[in-house]
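My request is simple: use the sequences and hints to build the entire structure.
Which chain is which? The protein sequence lines are A and B, in order. When you read off a place in the first sequence, starting at 1, and then add 41, the result is the number in the working numbering. When you read off a place in the second sequence, starting at 1, and then add 2, the result is the number in the working numbering.
Keep in mind that the hints were calculated from the coordinates and are not lab data. All the given hints hold, so there is nothing to weed out.
Listed next, the stretches of chain A that the computed footprint assigns to chain B, with coverage defined by at least 3 CB atoms under 8 angstroms from CB atoms of chain B:
1) 202 to 214
2) 218 to 226
3) 347 to 360
4) 393 to 400
Beta carbons: idealized from backbone N, C-alpha and C, even for Gly.
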Amino acid sequence: MSPRQLGWLGIGLGVVAWYVTLPPLLVRTPLPSLVLAVAAVAAGVAATRGEDRRVGRGAIAAGLLGGIGAIVATRSGVGNLEKVFVWSALFAAMLRFATPLLFAALGGLMSERSGVINVGLEGMMLMGAFFGIFGADMFGSWVLGALAGIAAGGVLALVHAVFSIALRADQVVSGVAVNLLALGITGYVFVAHYGDQGTPGEVPRAPDVTLPGIKEIPFVGEVIGEVNLLTWVALLLVPLLALYLFRTPGGLRLRSVGEKPRAADSVGIPVLRTRYLAVIASGCLAGLGGVYLSVALVGSFNQGMTAGRGFIALAVVIFGAWRPFGALAGACLFGFSSAVAQRLPAFSESLAVLFQALPYVLVLIVVAGLIGRSRPPAAIGVPYVKE
Amino acid sequence: MSPPGEPAELEVAGTPASRLAAYIRGGGVVVPLLTVTLAFLVGGLVVLLTGNDPIATYRAIFEGTGLQWLFPWVTGDDRTTAALNLQQTLIITTPLILVGLAVAFAFRAGLFNIGGQGQYIVGTIAAVWVGSSFEGMPGFLHIVLALVAACAAGAFWAGIAGFLKATVGANEVISTIMLNYIALWIGVYLFSLGGPLQNDRDPNLPVSNEVVESAHLPVFWGDPVLQGLHVGLFIALAAVVVFWLLLNRSTIGYEVRAVGFNPEAARYGGMSVAKNYVLVMAICGLFAGLAGALNVLGWQFRIATNDISASEIGFMGIAVALLGRNTAAGVVASALLFGALQSGTSQRNLDPSIFEPDLASNLTLIIQGLVVLIVSADVLVLGVLRRGRGLVRRRGRPRPTPAPEGEA
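Spelled out as structure tokens, the structure:
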């Protein structure tokens with residue numbers, strides 16, 4: 042068995058270790074899980090010894106987390122477990138939490154593939170969230186609202202692009218600045234226009250899509266039978282973007298600009314223009330993620346409502362090794378952890394507050410475990426100067 | 003780009019050290035002043051576009067800062083009000099200096115510390131816990147203990163990011179941001195209803211216990227009941243001196259700057275880059291944690307869960323440090339600017355008939371963002387400077403054959 046397969050086996054064992062203690066299996070003693078968890082860690086160590094360190098580390102982490110999860114689960118009441126771990130509801134919630142992350146992460150990976158770090162994703166999402174619902178309220182149509190949100194994200198991205206590409210600013214500093222600007226602009230217009238009232242209750246919202254045939258299927262139907270239209274858009278964008286990046290000349294140009302801009306320039310690819318377009322596209326995608334939050338999910342806006350999702354999306358990009366399907370996996374992982382955190386109040390109100398930190402802890406673990414092992418685009422963060 | 007055959011020019015352009023030197027030679031104070039002016043102009047444009055009078059607004063904000071107390075011709079009631087407002091400005095300036103130092107110190111070591119907010123939060127938690135326990139301890143000792151605890155908490159929190167950077171190469175931008183959110187939720191959990199550090203008196207209030215009277219920092223200007231100015235300001239100024247000494251007159255500072263300039267060269271010179279990352283972040287966290295302690299022991303005396311989620315002092319540290327060019331004196335000056343802006347736009351000090359404080363606080367954010375944005379492009383300023391000098395020098399001696407345009 043190759044180290045890579047061994048690593049994936051370890052990850053699987055770690056997941057199973059936790060799974061058997063949850064409904065419907067509900068094994069009430071931690072012993073079998075601990076055996077599985079130890080096996081997962083062992084497989085991980087073995088894989089790390091081989092050449093595949095990345096998957097090996099994942100397996101070690103999965104084994105440890107699976108073991109801890111199993112101990113916690115066997116010590117809590119069956120009633121509570123059955124309330125929290127309603128799998129269909131959990132997966133449906135996972136999709137809801139993953140959608141905005143996925144939009145922003147797809148945007149982030151476009152920008153980073155072209156060689157520009159986009160720390161401003163958070164601000165671009167926030168612009169999309171506010172101007173999305175603002176537009177929906179003004180024009181009385183969620184589609185026009187969504188377009189306004191996308192445009193707002195794109196405009197903010199243009200600012201980031203001008204500073205980091207043309208003026209050769211430090212891309213991280215420029216991204217932080219753009220985040221502050223977005224916080225100020227959305228807050229300012231929000232207060233100036235809506236005052237203390239907040240956004241009105243009856244704003245047109247993006248509709249859910251009901252799939253009649255699928256909705257009747259027991260488990261699958263409950264998860265994807267009735268899902269928001271924008272979630273489908275996000276899921277559809279994943280293969281499209283993968284196709285564009287890895288199977289079209291345009292995608293090849295985009296990637297070459299991020300890997301070796303000088304070489305790209307020498308064969309006549311317009312480096313700066315390509316980067317501009319990629320950054321603006323990333324802002325539009327992040328804006329759409331914000332639109333989903335306000336116009337589809339919540340139906341209202343409050344100041345700073347993105348709550349760090351743009352930053353989580355940056356970690357998702359890294360987790361997914363700068364690939365669209367990787368980003369999908371990452372978004373689902375963080376979406377799932379948010380979904381679990383959201384359903385935990387069944388255990389204890391005050392502990393549930395603490396578990397709000399779960400997705401952020403997970404990002405920390407992922408970033409610690411994976412950066413350095415997954416390789417970013419070579420020219421990332423380096424402004425290009427034409428000779 | 004400089005043509006081949008001009009190695010001296012390449013050397014100057016190369017290291018951040020020489021870039022910084024070139025920057026200071028090119029007018030160190032002028033550029034930040036221009037930056038601020040430009041940011042305020044754009045901010046005024048925003049005010050104008052939303053149908054308010056920018057001049058009246060800025061005047062009202064200035065009056066809210068109390069800075070006119072410095073003018074000798076302001077007398078009578080105006081002077082009393084100005085003194086009260088200026089005390090508020092300086093109370094806000096105090097922690098801003100420290101969080102500015104926390105960000106600036108990291109920048110000098112080539113690290114980006116966006117985690118000032120989280121380090122500040124764990125500092126407030128440690129300070130409020132120590133300050134409200136140990137009743138009957140001698141006041142001075144109690145204060146010192148609380149300050150040390152807050153510094154240690156901040157240093158530990160930032161040290162996590164440094165440790166991850168040093169051991170597994172985790173990007174400190176993402177890890178410090180995540181640590182901010184984790185600190186926030188831990189704080190909210192600790193003081194929320196049923197949380198372990200919630201107050202003993204009223205189970206319906208998500209607030210911490212009160213800091214005991216003897217652990218309050220003494221007020222040296224104004225009335226303690228009306229939130230006068232506490233001695234924390236001097237502690238912050240002392241920290242500025244420590245920052246300068248540490249950076250410019252100590253072995254640690256030498257290594258920190260060396261690692262910041264060029265990690266590879268520092269490693270080659272026998273310095274442990276990994277150890278430096280942990281140390282630098284811990285020192286940053288120490289400053290930010292101290293900021294939290296001064297706020298708690300100086301005027302807040304308790305923490306509500308709302309305070310934790312609404313506070314943004316740590317984030318302002320980024321703008322403070324960048325505008326202050328990451329230098330000791332610069333940080334003090336820009337902390338005063340942002341402190342004045344913050345207190346001038348507060349609910350308490352800004353006249354709502356001229357401009358709504360809720361709007362004004364967002365205006366502050368916009369101005370902050372613009373400042374950081376303009377500062378980020380100082381490469382532009384540098385580029386113009388360098389190109390100008392290059393032209394002068396080239397004119398003075400035989401021109402080398404220029405590289406053909408368009409060929410890479």
